Amino acid sequence: MIIKTLKVHLVDGLHARPAAEFVRIASKFKSSIVVEHEGMSVNGKSIMGLLMLGLYPGSEVKIIVSGEDEEEAFKRLMELLKKNN
Amino acid sequence: MPRVKISELLEIKDLMFEFIAGREGLKNEIDSVDINRPGLALVGFYDNFAYNRLQVIGKGEYAFLQKCSIEKQNQIVSELLRFPIPAIVFTHNNEPPDCIIQEANKNQVTLLKTALTTHDFQLRYYSILSELLAEEITVHGVLMDVFGVGVLLQGESGIGKSETALELIERGHRLVSDDVVRIKALSDNVLMGYTDPIIEYNMELRGIGIINIKNIYGVRSTKNKIQIDLIIYLEEWKHQHEYDRIGLEQQYYEILNVQVPKIVISVRPGRNVPILIETAAMNFRLKSTGYDSAKIFLDKVQKKYFQRKLIIFKYLYILLVYNSCKINKERNF
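Quick mapping for you: the protein sequence lines, in order, are chains F and A. Position 63 (the first sequence) corresponds to 63 in the numbering used here; numbering is contiguous. Position 274 (the second sequence) corresponds to 274 in the numbering used here; numbering is contiguous.
It is possible that some hints are incorrect.
[Stated by the list, open to error] In the EDC-like style, the derived pairs of lysine to aspartate or glutamate whose C-alpha atoms are separated by at most 16 Å in a straight line are:
id: 1; chain 1: F; residue 1: Lys-28; chain 2: A; residue 2: Glu-156
id: 2; chain 1: F; residue 1: Lys-30; chain 2: A; residue 2: Glu-236
id: 3; chain 1: F; residue 1: Lys-30; chain 2: A; residue 2: Glu-235
[Said to hold, decoys possible] To give an idea of the chain A side of the interface with chain F (calculated C-beta under 10 Å), a few residues:
id: 4; residue: Val-139
id: 5; residue: His-140
id: 6; residue: Glu-156
id: 7; residue: Asp-179
id: 8; residue: Ala-185
id: 9; residue: Asp-196
id: 10; residue: Met-203
id: 11; residue: Lys-287
id: 12; residue: Ser-288
id: 13; residue: Thr-289
Simulated from the structure, these hints should not be mistaken for laboratory data. Values in this document were obtained by computation on a predicted structure and should not be read as measured data. Every residue gets a Cβ at the ideal spot worked out from N, C-alpha and C, and that includes glycine.
Kindly produce the complete structure, drawing on both the sequences and the hints.
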């Protein structure tokens, strides 16, 4: 299981397009991906959940990845979050 | 533990609050569903005084205050308001005495009145507050009202929960929430499921995108909350897996310390999942009225088995009697 807390640096927060990209990548992997923010935890493979969190630039999120391909999944998600920085 | 501000309580129409005094006290918070009737406190007994609850002055307490002289009233009120009370409510639309209004403004205690009777007020307050103060979690799934049964559909992403929900809506059932369901435990056996105000009746369908169910299917297709009665877990058909074929043993899943009946339904071509869910919901209703199809069927089978056994026993008995008679006859002669 990989757990990492980080801040969202995207210019407009995790709005529709980056969220869709996040979900698209997350769905490719078998591992379970959970995103936590302000006491709410949602499935990282569901776009509605991610959008509901309403992540604005600078908000802190905890990403929990666990499963057989967790390393690869975590690497790809981090790449996405960094790419948009 | 969640807390509720007095200003939030004022916005609840059902409680019929009218603000009287103590604007400073509107930011006070309440963390208990109980109220306190400060009868003992009014006569000067303050041991175990539950000051952190909402204080309700009913007909009795009000009559007592009215009987007291102005000086006595002043003394009682100043003693009472030494405690950090969140708010005081006068029921029956009773007008609070002047001294309490002045003290409330000074001591940051909100003063309210309501047109309800004390009994009515208590009932409404309990049910509203237990909902507001309940512990909450969010789960991944789709919550639907199927024939009045609250069904929570769960399963891996991409198994087809939303598509199944869409078919159910088409068949006249109601959507509560898609993808993210907020759940509160109202008591140790009641789970209430809600939608999130941001998501509200929106649904994501792969290939189409985000759609609004309420606008497409109309007002009859949605519901804002429902009690969760049944969890249906959708999973891919596994060849070797043994599925429940009789339905005598009930599986449960625990959410917020509440046990909820759970059914696993496998998805594969040729299995019409919406109709299976409808049937499961109807069977749940039937069970809750006392008719357990599986049990009654098996009882019937068992009865038949016993009847057969009985016939064999009867036959053996007759044989035994006949033989013994024969033996007796032989002995007599």
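Tested hints:
no. : hint                   : verdict
1   : Lys-28(F) x Glu-156(A) : 12 Å, holds
2   : Lys-30(F) x Glu-236(A) : 14 Å, holds
3   : Lys-30(F) x Glu-235(A) : 14 Å, holds
4   : Val-139                : 9 Å, holds
5   : His-140                : 4 Å, holds
6   : Glu-156                : 8 Å, holds
7   : Asp-179                : 4 Å, holds
8   : Ala-185                : 16 Å, violated
9   : Asp-196                : 5 Å, holds
10  : Met-203                : 8 Å, holds
11  : Lys-287                : 31 Å, violated
12  : Ser-288                : 31 Å, violated
13  : Thr-289                : 35 Å, violated
This entry does not satisfy hints 8, 11, 12, 13, going by the numbered hints stated previously.
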